[in-house]
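Engineer: Sequence:
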Amino acid sequence: MIVGLTGGIGSGKSTILEYFKSFGIPVYIADDEAKKLMNRSKVIKRKLISLFGEKAYVDDILNRPYLASKIFNDKTLLSKMNAIVHPKVASHFKRWLNSQDSEYVIKEVAIIFENNLQDQYDYIITVVADEDLRMQRVMKRDNVSQEKVKAIMKNQWSDADKIEKSDFVIVNDDLQKAKKQVRDIHNMLLKILKH
Numbered sequence: 001m002i003v004g005l006t007g008g009i010g011s012g013k014s015t016i017l018e019y020f021k022s023f024g025i026p027v028y029i030a031d032d033e034a035k036k037l038m039n040r041s042k043v044i045k046r047k048l049i050s051l052f053g054e055k056a057y058v059d060d061i062l063n064r065p066y067l068a069s070k071i072f073n074d075k076t077l078l079s080k081m082n083a084i085v086h087p088k089v090a091s092h093f094k095r096w097l098n099s100q101d102s103e104y105v106i107k108e109v110a111i112i113f114e115n116n117l118q119d120q121y122d123y124i125i126t127v128v129a130d131e132d133l134r135m136q137r138v139m140k141r142d143n144v145s146q147e148k149v150k151a152i153m154k155n156q157w158s159d160a161d162k163i164e165k166s167d168f169v170i171v172n173d174d175l176q177k178a179k180k181q182v183r184d185i186h187n188m189l190l191k192i193l194k195h
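Take 1 as the starting number for the sequence shown in UniProt numbering and just add one per residue.
Rather than coming from a laboratory, the hints here were simulated on the basis of the structure.
Keep in mind that a hint or two might mislead.
Stated by the list, open to error - Below, simulated BS3-like cross-link-like pairs (lysine-lysine); rule was C-alpha separation at most 30 Å, straight line: (1) K180 - K194; (2) K140 - K154; (3) K150 - K80; (4) K47 - K70; (5) K94 - K165; (6) K80 - K148; (7) K75 - K55; (8) K21 - K180; (9) K191 - K94; (10) K150 - K70; (11) K36 - K140; (12) K177 - K154; (13) K179 - K35; (14) K177 - K165; (15) K35 - K75; (16) K75 - K94; (17) K75 - K150; (18) K55 - K45; (19) K180 - K165; (20) K191 - K180; (21) K177 - K140; (22) K45 - K88; (23) K165 - K194; (24) K179 - K21; (25) K35 - K55; (26) K70 - K80; (27) K75 - K165; (28) K35 - K45; (29) K75 - K45; (30) K179 - K94.
Stated by the list, open to error - With beta-carbon atoms standing in for the labels, derived distance ranges: (31) V27 - E114: 19 to 27 Å; (32) K36 - K180: 26 to 34 Å; (33) K154 - H86: 18 to 26 Å; (34) D173 - I49: 36 to 44 Å; (35) H86 - P26: 16 to 24 Å; (36) K180 - V27: 18 to 26 Å; (37) N98 - V171: 29 to 37 Å; (38) I61 - E114: 24 to 32 Å; (39) S91 - N116: 16 to 24 Å; (40) I61 - N82: 16 to 24 Å.
The structure displayed is predicted, hence computed values, not measured ones.
We put the beta carbon where it would ideally sit given N, CA and C, even for glycine.
Please build the complete structure, drawing on both the sequences and the hints.
Structural biologist: This is the structure we're talking about:
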């Protein structure tokens, strides 16, 4: 069973994933794997250089700030980049999935709904948190301005829209409560699998 986990920037998805891992559940973080593939795959490298030019890589390493500046306000470029990277990540995930032997796995994707990927999952968990708290977390974590965080949030679906399409919701404002919600969802998923 494949469970998708999503949530807006700063909602604390990484923390929630750690709790699932503590129950022995394998976790696949699509963004992290995409970054690795963008640096490892010769095919992706070649295609990204042809799309963005030679500045896409510096010393053979993906020039993330440059790419981010290019795609941030250009939806067409973003779509073209995703068309290069997403299929590779999808086939990498399939290989990873075949090597797992747990009852279910979690695949974390920040923009499941934004990219209309919800059909790829048996269940979807959305992690939500108070917007001010999310703002503080991201500003501290990434050392960025409030304006930058707001701009990113504006490109993502609202929590309300995500909740409406999700099977489970974890409110991540209090760590103890969030941990309990993870345990409850974990037990529910195991119950579903037994039927």
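Engineer: State for each hint whether it applies.
Structural biologist: Structure-based check of each hint:
no.: 1; hint: K180 - K194; in the structure: holds (21 Å)
no.: 2; hint: K140 - K154; in the structure: holds (19 Å)
no.: 3; hint: K150 - K80; in the structure: holds (24 Å)
no.: 4; hint: K47 - K70; in the structure: holds (15 Å)
no.: 5; hint: K94 - K165; in the structure: holds (24 Å)
no.: 6; hint: K80 - K148; in the structure: holds (23 Å)
no.: 7; hint: K75 - K55; in the structure: holds (19 Å)
no.: 8; hint: K21 - K180; in the structure: holds (14 Å)
no.: 9; hint: K191 - K94; in the structure: holds (25 Å)
no.: 10; hint: K150 - K70; in the structure: holds (18 Å)
no.: 11; hint: K36 - K140; in the structure: holds (24 Å)
no.: 12; hint: K177 - K154; in the structure: holds (28 Å)
no.: 13; hint: K179 - K35; in the structure: holds (28 Å)
no.: 14; hint: K177 - K165; in the structure: holds (22 Å)
no.: 15; hint: K35 - K75; in the structure: holds (19 Å)
no.: 16; hint: K75 - K94; in the structure: holds (27 Å)
no.: 17; hint: K75 - K150; in the structure: holds (18 Å)
no.: 18; hint: K55 - K45; in the structure: holds (11 Å)
no.: 19; hint: K180 - K165; in the structure: holds (22 Å)
no.: 20; hint: K191 - K180; in the structure: holds (17 Å)
no.: 21; hint: K177 - K140; in the structure: holds (23 Å)
no.: 22; hint: K45 - K88; in the structure: holds (12 Å)
no.: 23; hint: K165 - K194; in the structure: holds (24 Å)
no.: 24; hint: K179 - K21; in the structure: holds (12 Å)
no.: 25; hint: K35 - K55; in the structure: holds (16 Å)
no.: 26; hint: K70 - K80; in the structure: holds (12 Å)
no.: 27; hint: K75 - K165; in the structure: holds (24 Å)
no.: 28; hint: K35 - K45; in the structure: holds (11 Å)
no.: 29; hint: K75 - K45; in the structure: holds (20 Å)
no.: 30; hint: K179 - K94; in the structure: holds (29 Å)
no.: 31; hint: V27 - E114: 19 to 27 Å; in the structure: holds (21 Å)
no.: 32; hint: K36 - K180: 26 to 34 Å; in the structure: holds (33 Å)
no.: 33; hint: K154 - H86: 18 to 26 Å; in the structure: holds (22 Å)
no.: 34; hint: D173 - I49: 36 to 44 Å; in the structure: holds (43 Å)
no.: 35; hint: H86 - P26: 16 to 24 Å; in the structure: holds (21 Å)
no.: 36; hint: K180 - V27: 18 to 26 Å; in the structure: holds (19 Å)
no.: 37; hint: N98 - V171: 29 to 37 Å; in the structure: holds (34 Å)
no.: 38; hint: I61 - E114: 24 to 32 Å; in the structure: holds (27 Å)
no.: 39; hint: S91 - N116: 16 to 24 Å; in the structure: holds (19 Å)
no.: 40; hint: I61 - N82: 16 to 24 Å; in the structure: holds (20 Å)
Checked against the numbered hints given earlier, the structure satisfies every one of them.
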